[in-house]
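Following the hints, put chain L in place on chain V, whose structure we already have.
Protein chains in written order, with our numbering: chain V, 1 to 324; chain L, 1 to 286.
No lab work stands behind these hints, which were simulated from the structure alone.
The C-beta atom is built at its ideal place from N, Cα and C for all residues, glycine as well.
Hints are not guaranteed to be accurate.
To be verified - From the structure, some residues in chain V lie toward chain L, with a derived Cβ separation under 8 Å:
#1 Phe137
#2 Val147
#3 Leu155
#4 Pro161
#5 Val242
#6 Ala284
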Amino acid sequence: MHNTAAIEHREVSPPAPGALTITPPARRGLTRKGIARVLTMPGQIVSVLVLVVPLLVAFYMSFTDWSPTRGSLFDAGFTGLFNYEELLIYDTRFIYAVIRTLLISIACLSLEFTFGLGLAVLFMRKFRGKSVLFSAFLTPMMILPVVVGYTFWMLFQSNGPINQIVTYLFGAEAMLEWFKSSHLAVLAVIITEVWHWTPLFFLILLSGLNAVPENPVRAAVILGANPRQVFWRVILPMLKPVIIVAFVIRSMEIIKLFDEVFMLTRGGPGSSTETISLYIYKLAFSDFQLAYGAAAAFIVLVGSLLLVHLLLTPVRDELLEGSH
Amino acid sequence: MEPKPLSLPLKLVMFAALIIVLFPVFWITMTAIKPPTDWNASPAIWVPSEPTFINFKTLFDPDAIREYGVGGVSQSATKAVFGSLTASITATLLSVAIGLFSAIGISRYSGSSKATPLIILSGRMFPPAAIAVPFVIIFSNIGLIDSYTGLIGIYVAVTLPFSTWMLKSFVDDLPREVEEAAMIDGRSRLMAHFTVTIPLIKGGLFATTMFIFILNWSEFMFALVLSYSNISTIPVQLAKYVTATAGTLYGVQAALAVLAMAPLIYVGYLIQGHLARGMTFGAIKQ
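Only chain V is shown next, with the shape it has when bound in the complex:
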């Protein structure tokens, strides 16, 4: 193995005369750079073709008044920043959708984190059937969002099982019309999301907890810390990178919230559960205001990139370096 290291080294700087006692095998094939290029080329082509090009088209379009009836994209009238101005200043439906998406995100992330951490801590204990229960608790995250949305739509029906339980506990007058009240509809969306994605937090936090080194914990115990102090002062700070990664990944996903809401409420009643994605979808694909929708999409894109950038800063190196 030492010899291989020497060969690797040879490429970078010429060896001192006489330093090598063996002759390296003749190189065949491509150079390092060539291989790197060949290997990453397909991925780059796909990314450019299917992500960069559409984004440039959307960016161009967002400054026009193009709609499908106007024919070619080049026939569109250039309207400058009109779409952006309209969205950011006058379109209250858009502004509310942004605020609503952020509020839903905050509610979901904090609940998912709390429940996920609670479960993960439970799973640090010893009990029978642990591996079966572990699998069972992961089930929700394996189910398609559309199916989750549909299932919860059925659960929340006025004559559905959730109302049956509510009625059983609080009497018939307490029965809830989940999809007729704007507050309850938002609550239904949050409950659905939390059910669906708490397992991800559970999974990530559990692997984080399992990786916590024993020595600092032992030291704290020897120094007289009680279990609560050990958890809050020793274990939790060591989990910080894992927690940040979990939050970043989940917030990236939840900003795009669409499938579940589409199945649950289609944004209703009124526009009370409209998320950003759902609003853009309606703009572009029911109202055919494609240029306006593109502008909205761009605002969201820039906003979410900024948000992710902010959240990611403390862990960027770890995420990029992987195991190194």
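Just chain L now, kept in the frame of chain V:
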């Protein structure tokens, strides 16, 4: 530290959580085997009076449900199932193949380009709604709208960051020395990857393939906006399911939902140890 056993109150908490986690799955499965009389009963029926597979049968034979005196389904789900299988499997294989090359490229030659991994990762931050709009326009101009080719193209693009980063984490776990040893034996660098790297990450490759399949199978929005009459997928069919005569066919819809989720739950259990790795782009390992 020696793990402590669960106390009784904690056991109860765990039990309650388990009920909450499994109840929706129980409910959709029960609905799928309910006869039409039980579908929309008030109050809801928890366990079907006479379990039946008629809902599943109706999915592929729209008139089957008529024996219960209920109007048939307007559309058979055959096309959607075929569409989901075609699009998901093709896109998964392409995404994993391209991702595998990129992963080796990034993991082993990262000195060459620091930007590549970030460019690929940034694809994940775009809200689908943001790219769906230009896609529909471009695709209608080049004739890819309402075609599987177009849908597969998008699926590959959307899942590529996941396959690249997940596979990268497996390649990272492999010591470089194994490839160098193969090169000592006279293989070229590229051949060393084919003969050594790829066989050694077989398990990871399988997990990644299954994970990407889950993502593709679950995709909804692109399929929804790109499909008109030629193509369909299960999630789109589920969203669109309306009957010719009756209101909503709960049981039939539930049957399709069960059909859609069953393979994913199975595949998910197979790779449960790697789910976190996939979701977090390799940052979290189990």
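*asked:* Which constraints among the numbered hints does this structure fail? Numbers only, ascending.
replied: Nothing - there is no hint that the structure violates, so all of them hold.
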